[in-house]
Amino acid sequence: MTSENENKPDPGADAEPDTEALPEPEGASDVIETDYEVGQDNITPQIGPLGLDIHNPVFAISAAVIIVFVAAVLAVGGETSAAFFGDLRGFLTSTFDWFFIIAGNIFVLVCLGILVSPLGKVRIGGVDATPDYSYAGWFAMLFAAGMGIGLMFFGVLEPVYYFATPWGDQPLGRDIGIVDGELADPATIEAARLTAMAATIYHWGLHPWAIYAIVALSLALFAYNKGLPLTVRSIFYPIFGERIWGWPGHVIDILAVFATLFGLATSLGLGAGQAASGIGFVFGIDWISGNVTAAVILIAVITLLALISVLRGLDGGVKKLSEINMVLAGVLLLFVIAVGPTMLLVTQFFGNLGAYASDIFALSNPVGREDDGYRQGWTAFYWAWWISWSPFVGMFIARVSRGRSVREFITCVLLIPTVVSAIWMTVFGGTGINQIVELVTESGVYGYVVDSYVPELSLFGMLADLPLASITSTLAIILVIVFFVTSSDSGSLVIDTITAGGKINAPVSQRVFWVIFEGVVAAVLLIGGGLAALQAASVSTGLPFAIVLLLACYALVKGLMAEPRE
Amino acid sequence: MYKQILVPVDLTHVDQLGKALQTAADLARHYDAPVCYVGITPEAPSPVAHNPKEFARKLEAFGNQQASDHGIKATTRSYSATDPAIDINKTLKKAVEESGADLVVMASHMPNVTDYIWPSHGGWIAEHSSASVFVVR
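For the protein sequence lines, the chains are H and Y, in the order given.
Number 566 marks the last residue of the first sequence (the working numbering); no jumps.
Number 137 marks the last residue of the second sequence (the working numbering); no jumps.
Isolated chain Y (complex conformation) (with noise of 0.2 Å):
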């Protein structure tokens, strides 16, 4: 039903995403859909790498990681941006479409009263793209 799997990460908070990544390559394993895996960093050193190259390697080795954990195929797409705060969504857009998913799944956090000031990425991915999106709580 499902033929290309994106899974959001943030390199970051790699501990917290842990269901979100064991529910992603369920999906996988059960559709046997490959998973894609994003990140986006900034183009200034950041706590994860100095650069975009260097974040780029560490998304791959972590995709590899997934792979041989999980048992399934992946890839790895990172971008880069110069105010990813803000460009979040904008780029998971790109990434779907430039990845051809038509599955998001994603980690999300508690919501809380600032949600109806910054509302949740996953809702606005839902709204503005065709995948389907799977928000793991």
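Chain H with its partners taken away, still in its complex shape (with noise of 0.2 Å):
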């Protein structure tokens, strides 16, 4: 966008920009009117050539706790600490999963009222803004950003898991379709497909992508409409007022950048694991399944194609290795139902939508349910994860999403995702099972989620059982490592915003700081032991950061509400 102006060498003529009220952005909108400057409370200090642009306290404390915190860890020890944040993990989700279940229900229908009340009429950035990016650009950051590298491990691992396992996850308590390696008589095997295909979208669906949306939208109103600095704090605004400027914002701030970077770190350092052993297994190569060096490397790898993703800026580097993605994704998607049973697929994906339709009341309910297993160890731990994930995916959506009315943000972020995991989870998931109805216990799926459970297997096996397994399996892996590499990407770039104190054109210096630590916290850890005990620890931020979202709900429509519509 370029605006040019003539100006005259006539000192009379000037205006005075300050004595001025704020413009409005791009056509009307609420601006707010603070006396809060972006960056007043930053720090320029001077590292060697490196000069910085810091947020004084956020950056020091953030990066403080984050070594204080791997530090212990590995002080007291992987196992004992895995012990403990795991415990607290298990105890949070055990004991809030109704809290969970009813702010996640919260969030689906704050999403789903904004979208059809007149709030949908607020556009992003102004009423006259225009959107910098492309539908298929847009969407395909969205996904690479949130959501790409769980779909690669749970699109066939989950459904799966639902139909097949014995270890009393069932959701709502069905039954399952193969017991003992003997498969169940046709309509219980239908009716526990549909139950598993059901229950999974379920966790991919309009929830996870509520949560996403919610925060989004939010930080996208608050910055392009409103004026404040892009940066979790700003949300709480209408809430906190000019306090969001102290304490209760540094430490919103704060927890973002922890969960983020825990959150990333210790998928980065699991998913190398799981990674190698994808490559072993495909590549027939034995050592590297397990080995702690090969998996470093891969860090090392991922790491080193994050940096120059992130050198090459938001436009050359995230967004082109996403759209790559997306079209690689497609492939692949295109492919599993092209060989496998193709029709069969299309008929079962209306029915899954329909069961997921159905049994979604059933499986959002709260209280008064006896599946455990399912509720509290799946259900409240995805809404733990997504939570605790949704500052980093909701800030970099909102940086993408200007220029859009809030309908259409609110289609395009919660409806559409939901139809593209419900088609995702359809195929994969889908085939995986059809599999095992087929072959049973000779089924490549079956062999790596019941018989044996390692779960990061479970795509290889499922695609083992059809033609060209070697090329679809090799491009599975390469997705899984771009979809790191686009996390690792478009989180550095969040938490770097976050921690200049919304500043998106802090000395490039910064990312590439925060990139090199996310690998270096994944690497640590990988060696030292104590990744899922930090996995935990950042899955537990999702409790506080629930209720956090719930004011954000509240903050959301009263800043909606403020503005003009078209």
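These are computed hints drawn from the structure, not numbers from a lab.
For each residue, glycine too, the CB sits at the ideal point set by N, CA and C.
Errors might be hidden in some of the hints.
[What the hints assert, rightly or not] Restraint-style ranges between C-beta atoms, simulated for each label pair:
#1 Y:R137 - H:R565: 49 to 59 Å
#2 Y:G123 - H:S134: 24 to 34 Å
#3 H:P45 - Y:G123: 20 to 30 Å
#4 H:G354 - Y:K94: 46 to 56 Å
#5 Y:D69 - H:E242: 33 to 43 Å
#6 H:E242 - Y:H30: 45 to 55 Å
#7 Y:K94 - H:A300: 34 to 44 Å
Now that you have both chains on their own, put them together as the hints suggest.
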């Protein structure tokens, strides 16, 4: 966007900009008048040749807390700390499962309410704003940042798990489709399949995307329409007022950095181990599986790629990689549809959506249920996980969503991704279940999910029973690695923005720092043990954030009501 | 010899631009060429402005001030970018092309080891556009 002005060399004609009211961004919007200036609490230390521009105290405390946590976990020992944080997370998800489930339902209802109400007519960035990104680029970035890696990991695993494993995690306590290697009768198989698909889509559908949408929409609204800095604390201006620039805001931002960095670093560490197993499996190199050195090399490669991507900027890095990945994921999806049971998958898709629609009420019911394994072990865990990732994904989505109307935003961040997730789960999980029904215990999927539980190989097990397995498995490994690169890259951009007090044009050296820091934390924890511990710790931030997000719903609606509509 | 001078300005660090601005103004008077001041702003709120429109207005005021201080003809062009820290070079190149500038006068930071990783903007513009580039230290 360009604006050009002809200035005359006439001293009398000058306007005094400081005395005028704040201009609206593009077209009318409800700008918040505050004396706070972006970056006013920033300090600009010079470290060697690098000039920094960082928020005081958010940057220092975040970095210190992360280092102290890592050191403490290493000192105590990975297993002891994993037991502690594992228990903490288990305690939170089993004690507050009802709270997570209610909160999740509220997020969905608030999003749908905004979608159908006149608030949907508000436009992000002012009534005349135009979008910066095409639909394709926008979608690609939504999935790459928030869900891609999870879809790869759980796409086959989760539906098959609910369908076939006898360990007491059946959604709604329903029957499974195969017991001790013997298929059940056809009616039970079909019912178990539908339940498995509905329960999986529930975890990857409206609820997670509603969590992301609430955070993203709030951030976008308060930054692009109201002129507050692009950082998590700004959402709470309607609640805390000017106090948001002090400690209440610092705490929110530090929590967001903590959850984001540990969420990313632990996923990277655990994911690298799993990707290494995948590589070992696909190429028949046995020693790579479970080898720490191989995983550390993989972390280094992913971090290096993320570094290159970060230096190429948002458009040249993350956006390009996301688009490449969307094409690759599309190819893999179409391949599985084409060589798998094509017509069966098409009919099953509508059946699955129907099952999701009818089971969603029972699945999202917070009380009076017996299916503890599913409700606490899976649903509450997922909700805590999505919520702990929401500052990162939400902020990234916010950054690329300027110029969209609120109705368009919710359609594209909530409804369409839900359908895409449902398609993905139908194709990957459905094919996995169909293989079990056809090949029973001979199927690769049965081997990796039920016989010997090796979750990271479930996708490769499914692909191995289809033609051209070596090509598709290689494609799957590339997808996993690139999704890690895009998550690492976009996460670093987000952490850098938060720790720079909402400045998106802070010195590039800072985002380089966060990319490398994340890789180092992942590698150190992988070598020293403690990945599981800190992943549990980051998921545990889901509980305080759930409360924070409920407040955000209120702030969002209040903020939207003050905006002019088209 | 020069018909249009382009001066990239960072409104957060105007105090450090004095020498470059003076150089540009002197050249402008010598060759009787107008100066176009260019600024790049993020779309999200920044220390300078809450939104691109406010930034454009501040840049315009800055241009007016320069015009009256130095008695030159001045225009301004403001660009917004989604990732300005990275997109500076690309945007400056666009500004050179759109304004038809044949001379770019810009302030430089003190070169140090990081220049091996992040080459200077002036060097990049000299390489990628047809304009002459005067880097003021």
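Subject >> Hints not upheld, ascending by number >> reply: none
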